[in-house]
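Asker: Let the sequences and hints guide you as you build the complete structure.
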Amino acid sequence: MTRKIIGKFIPTRIKKQLNNFKILACDYSQYQTIQNWDCVDKFRNKIPWYTYPAIEFLNTFDFSEKSVFEFGSGNSSIYWAKMAKDVVSVEHDKEWFEKVNSSLSSNQTLLYREDSEEYEKSILDFNKKFDVVIIDGIRRPQCSNLIERCLNYQSEGGIVILDNSDWFRETSKYLREKLDLIEIDFHGFGPINDYTWTTSVFITRNFRFKPIDNIQPIFSVSAIKQSGE
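For the sequence shown, counting from 1, position 77 maps to 77 in full-length UniProt numbering; every step adds exactly one.
Simulated from the structure, these hints should not be mistaken for laboratory data. Treat the hints with care, as some may be off.
[As the list claims (entries may be wrong)] Each computed BS3-like pair below joins lysine-lysine, with the alpha-carbon atoms no more than 27 Å apart: (1) K82 with K46; (2) K178 with K128; (3) K15 with K225; (4) K128 with K225; (5) K225 with K42; (6) K22 with K8; (7) K46 with K210; (8) K225 with K46; (9) K85 with K8; (10) K82 with K99; (11) K46 with K8; (12) K225 with K178; (13) K42 with K173; (14) K85 with K22; (15) K173 with K129; (16) K42 with K15; (17) K178 with K82; (18) K46 with K15; (19) K42 with K99; (20) K42 with K85; (21) K121 with K85; (22) K42 with K82.
Answerer: Rendered as C-alpha cells:
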C-alpha cells in the first residue's frame, strides 16, 4: 500500500530511471560485485570481468566441445571451465596464481609464467589449436601476435576475445587486418567498475558455433518476454 501511495507522487521518468538502476544493481548483480569485489551474477555464479553485453552474447553459444586458452585467470577461468570441454589459463602474478590454483576443476590447467616472453609463448606448449583464445592479462599486443598459430580456423572456426579493447586499438587492428577476423564490439557496463568499457569478440569468417538454445536471439536479463510476430 505504501509503495502504491509513494508511486503516485514519483514522476514516471524517475520511476523508469530507478528501475534501470535496479536492473543493473540487482538483476545483473553489479552492486554485489562492487561490494565484494567479486565477479558473479545474481545466482552467485562466477562470471568473467567482461562487459555484460559480451557475457550475454557468449552465453548463447554451446562451448561444451570447445578448447579454451586464456591469457589471464580468475573468475573467468571458472566460468569457462563450466562452459567448455577444457581450459588452459596462464597467470603471471604468483599470489593470484596460488589462489586460483587452489580451486581448479578437473578440466582446468593453470600455468605460472613470469612477466616475460615466456608468458605469451605458453600457448605454444600444447601443440594444438584452440577454439577460443582470450586475451585478458598482461602483454596483450605480444599475445595477439601468436594467435594465428594457435587458433582453430577449421571446421566451425574460432573466437578471440580481447577485453578492454578500447585501450588496445592497435591490437584490435592487428586482429582485424592481419588475421582477417571479424570484430564485434560490446560496449557497456560490467562487474565491479563504475564506468563503461569495451570487450571485443573476434570471429573467423567460417564461424559456425552452435547456439545453446534452438531459439535466437534469447531474451536478455530483465527483458520483456513477449513475441512481436
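Asker: Next, verify each hint and record whether it holds.
Answerer: Structure-based check of all given hints:
1. Distance restraint check for K82 and K46: the Cα-Cα separation of roughly 10 Å lies within the 27 Å cut-off, and the hinted pair is therefore satisfied.
2. Taking the CA atoms of K178 and K128, the gap is near 21 Å; set against the 27 Å cutoff, the hint holds.
3. At most 27 Å may separate the alpha-carbon atoms for a hinted pair to count; K15 and K225 meet this at roughly 20 Å.
4. For a cut-off of 27 Å, the pair hint linking K128 to K225 is broken: about 42 Å separates their Cα positions.
5. Pair hint K225 plus K42 holds up; C-alpha atoms about 19 Å apart against a cutoff of 27 Å.
6. For the hint pairing K22 with K8, the CA-to-CA distance comes to about 19 Å; that is within 27 Å, so the pair holds.
7. Of the supplied pair hints, the one linking K46 and K210 holds, its CA atoms being roughly 23 Å apart against a limit of 27 Å.
8. About 25 Å separates the Cα atoms of K225 and K46, which keeps this hinted pair within 27 Å; it holds.
9. A C-alpha spacing of about 53 Å is found between K85 and K8, which places the hinted pair above 27 Å, so the restraint is violated.
10. Note on K82 and K99: the hinted pairing holds, with a Cα-Cα distance of about 18 Å set against a maximum of 27 Å.
11. Of the supplied pair hints, the one linking K46 and K8 is violated, its CA atoms being roughly 39 Å apart against a limit of 27 Å.
12. Restraint check for K225 and K178: not satisfied, since their Cα atoms lie roughly 41 Å apart, outside the 27 Å limit.
13. For the given pair, K42 sits about 35 Å from K173 by alpha-carbon distance, which is inconsistent with the 27 Å threshold.
14. Between the alpha carbons of K85 and K22 the distance comes to roughly 35 Å, so the proposed pair goes past 27 Å and is violated.
15. Taking the CA atoms of K173 and K129, the gap is about 22 Å. The hint holds against a cut of 27 Å.
16. For the proposed pair K42 and K15, the alpha carbon gap of about 22 Å is at most 27 Å, so the pair holds.
17. With a C-alpha separation of about 32 Å, the suggested pairing of K178 with K82 is violated against the 27 Å cut-off.
18. Restraint check for K46 and K15: not satisfied, since their Cα atoms lie roughly 31 Å apart, outside the 27 Å limit.
19. Distance restraint check for K42 and K99: the Cα-Cα separation of roughly 23 Å lies within the 27 Å cut-off, and the hinted pair is therefore satisfied.
20. Our distance criterion of 27 Å between C-alpha atoms is met by K42 and K85, whose separation comes to about 25 Å.
21. Restraint check for K121 and K85: satisfied, since their Cα atoms lie roughly 22 Å apart, inside the 27 Å limit.
22. With a CA separation close to 17 Å, the supplied pair K42 and K82 stays within the 27 Å bound.
Of the hints listed earlier, those the structure fails to meet are numbers 4, 9, 11, 12, 13, 14, 17, 18, in rising order.
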